[in-house]
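Asker: Numbering follows numbering that gives the first Met the number 0, in which position 240 of the sequence shown is assigned residue number 239; successive positions increment by one, without gaps.
The reader is advised that the hints may include incorrect statements.
Said to hold, decoys possible - Restricting the straight-line Cα-Cα distance to at most 27 angstroms, the calculated cross-link-like pairs of lysine-lysine (DSSO-like) are:
| # | residue 1 | residue 2 |
| --- | --- | --- |
| 1 | Lys210 | Lys221 |
| 2 | Lys210 | Lys249 |
| 3 | Lys93 | Lys210 |
Said to hold, decoys possible - Computed beta-carbon distance windows for the label pairs:
| # | residue 1 | residue 2 | range |
| --- | --- | --- | --- |
| 4 | Thr276 | Gly213 | 13 to 23 angstroms |
| 5 | Phe303 | Thr151 | 45 to 55 angstroms |
| 6 | Ser18 | Asn49 | 12 to 22 angstroms |
Derived by calculation from the structure, the hints in this document are not laboratory data. Glycine is no exception: its CB is placed at the ideal position from the N, C-alpha and C atoms.
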Amino acid sequence: MKNTEVITKESLPINQYFSREVISAIIKTGIIKSNSLGMVAGLCLAIAVNDLSFVTQIPIIILALIGTSFVVGGAGAVNNFYDRDIDAIMKRTKDRPTVTGAVNPKFALWLGLALFVIGVGILFLVSNMAAIMGILGFFFYVVPYTMLTKRTTIYNTEVGSISGAMPPIIGWAAISPDLFHPVAIGLFVFMFLWQPPHFYAIAIRRLEEYKAAGVPMLPVVKGIRRSKVQTLVYLVILLASSFLFLSFSKIIAFTMFGLTLVWMLLGIVGFKKLEDTKWATLMFVFSLNHLTIIFALMIILSFFK
């Protein structure tokens with residue numbers, strides 16, 4: 000049974016519910032920004048593949064960006080509402096407004112649902128397929144991940160990765176309904192495979208917090224060594240997936256291959272040489288640079304196709 004106890008403080012006045020700091024914490028603006036970058040990358044690739052003009056697509060780009068941001072923010076807010084009991088235990092989340100009592104937790108729930116509905120409505124203005132992908136992304140994050148697997152299985156990361164892989168597909172679907180195009184498949188596979196190594200690194204760094212909160216992350220249940228090995232397995236598969244972009248751009252394919260190879264070699268070399276937390280920190284930091292560089296490259300090169 001989900002524990003709904005939270006740490007409480009004196010609630011903020013109602014007008015302060017809408018302060019930038021409170022809203023930002025509830026909807027997780029950092030996650031919105033990273034997901035928006037992926038959405039724009041997918042959208043730009045679709046424009047380039049379909050030989051369309053970026054200028055004529057500006058209204059669609061703006062609407063897709065707003066709609067995706069609302070859907071992602073809505074999912075984050077609902078997650079904050081549902082996870083406030085375990086968030087209270089973990090150092091990195093214990094100051095969230097839904098935990099401290101700065102806002103009524105139900106405010107986060109209703110805000111999340113409202114953002115989701117508005118976001119999907121905006122995506123429907125862009126395309127039916129983009130809206131459907133937005134709905135699927137929200138659903139997988141809130142139900143299969145947050146409610147069903149996060150607290151019950153080591154495979155919570157893989158389930159969450161399905162949702163995390165949706166923003167680039169939302170961007171692609173905003174322009175093209177062909178979700179089986181090799182580039183669209185490449186986008187989904189890339190984002191799905193990138194996430195487990197990234198989140199295993201976070202879980203190793205926050206091992207004691209996840210253990211205290213009873214969240215069965217891989218290193219908590221199977222140990223750090225298993226998590227390191229599984230990280231490298233995912234990186235090998237991610238390395239191979241680079242060639243899914245070969246038909247569109249050799250630069251993207253070989254850059255992704257090279258960055259992933261460096262990421263994998265860092266993991267191998269540091270496997271025994273580095274203390275576990277330092278190894279995880281190195282892998283975590285490199286994962287962020289890996290993703291940012293590849294998405295930025297996709298966006299830039301789309302203008303020259």
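Asker: Next step is simple, just say for each hint if it's right about the structure.
Answerer: Going down the list of hints, with the structure as the test:
1. Lys210 - Lys221: 12 angstroms, holds
2. Lys210 - Lys249: 43 angstroms, violated
3. Lys93 - Lys210: With Cα atoms ~15 angstroms apart, lysine 93 and lysine 210 stay inside 27 angstroms; holds.
4. Thr276 - Gly213: 13 to 23 angstroms: 21 angstroms, holds
5. Phe303 - Thr151: 45 to 55 angstroms: 47 angstroms, holds
6. Ser18 - Asn49: 12 to 22 angstroms: 42 angstroms, violated
Checked against the numbered hints given earlier, the structure breaks hints 2 and 6 and satisfies all the rest.
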